[in-house]
Amino acid sequence: MLPRLPGAVQERADQRAEAAVKAFTRIGTPPRPTFPLALASVTVAVLAMHGDLVAKYSLEAFWVGIVTTAALAIAVGRIVASIAAPRSRMIAALALPTVGGAMVGVIVQAIVLLAIRDEGGAMAVKDLGGLVDSTEPVSWLAAGLVLGALPALIVSAFLMLCARALRSLVGSDAAEGFNVVFAGGAGILAALGMVFVEPWELPPLLGVCALASVSMLVSFLVDGARLRFLEEVWAGAATGGDNHVRTAYEVVPADRFMHDPSLAPIVTKAGAVSVLVRVDRRVGSYRAAAAEPIALLADTELATTLPLRRRRAATVAVVAAMATSGALSVLTQPALSTALGAEAVTGVVASARGLLVD
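By the numbering used here, the letter at position 203 of the sequence shown is numbered 203, and the numbering carries on one by one without gaps.
The set of hints was computed from the structure by calculation and includes no laboratory data. All values derive from a computational prediction rather than experimental measurement. No residue lacks a Cβ here, since even glycine has one placed at the ideal position from N, Cα and C. Wrong hints could be hidden among the right ones.
[To be verified] Across the chosen pairs, the derived CB separations fall in these ranges: (1) Val146 x Ile79: 19 to 27 Å; (2) Ala323 x Leu145: 33 to 41 Å; (3) Ala71 x Arg309: 31 to 39 Å.
Whenever a hint applies, use it, and build me the whole structure from the sequences.
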């Protein structure tokens, strides 16, 4: 007879195992591009307005542009995610950000024009390389269509890449894989942008980096929990007949369930050679003879978990890149360095040197 755990302990073990299966083998809706799209859109908007000196003439226009861009990005992301047809989705990914960017450009130009007039400046402010100036309101506002639409093409390219990626993501870990690539990419872009912008233009980029970092942390923790679950599954499989006593799951060849359309890889890039099945652990249960397929696995523990380990390493690299770029932005901006305080910076450097010496 197989050994049995005390009732309460066994019940808690069953609940934990069931929760892990529901969390790590579920196949729900595909990842939504809304969050990484908002991060990328805000970053591109900051860099575009920096190049156009918007904040120099009106901080209000700068912040209205940021908030409007974020709101439009959320709306566009939801619309694109709701479109099922791949061709229509790609068209929407190209057109909607461009139209939205043009709208934001006109709004920003209008606020800048009002700010210039309120200051009573008689000197014309030129834009688009001198093609338009603030003394001609119609052409000035029309220039906003170009100034907003051109940067939005970068966002469109980003969204089209997201749309293409969504077509190939079929595993239970699709959300984490999508998040690391696209939210992490937007975070790195924002971190690099911090090196070039003015100190008063930093807050939106700092916000993007912070949100991207939190997103990376969530993916890192979820992948870590998925790794532990898979290690328990394979540890149970290695013990032969006793494995279902420990985890209630076994690994069997995929050909036993090759015609089951509901199965998907628990790790997208790990392959689909084996199947994780549920086995009833209760002695004498009529279900003990049946095995319920849960998800697809690779043929070994190493092959199954290696993509997760690589993604966790990539997550750490993304966060490190954002931190490095943030530190570099402090060094390259004298005003920011002064605001932080030379004494504080000196103290941090001295502490770091002390740790290295120790």
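Verification of the hints:
no.: 1; hint: Val146 x Ile79: 19 to 27 Å; verdict: holds, 24 Å
no.: 2; hint: Ala323 x Leu145: 33 to 41 Å; verdict: holds, 38 Å
no.: 3; hint: Ala71 x Arg309: 31 to 39 Å; verdict: holds, 38 Å
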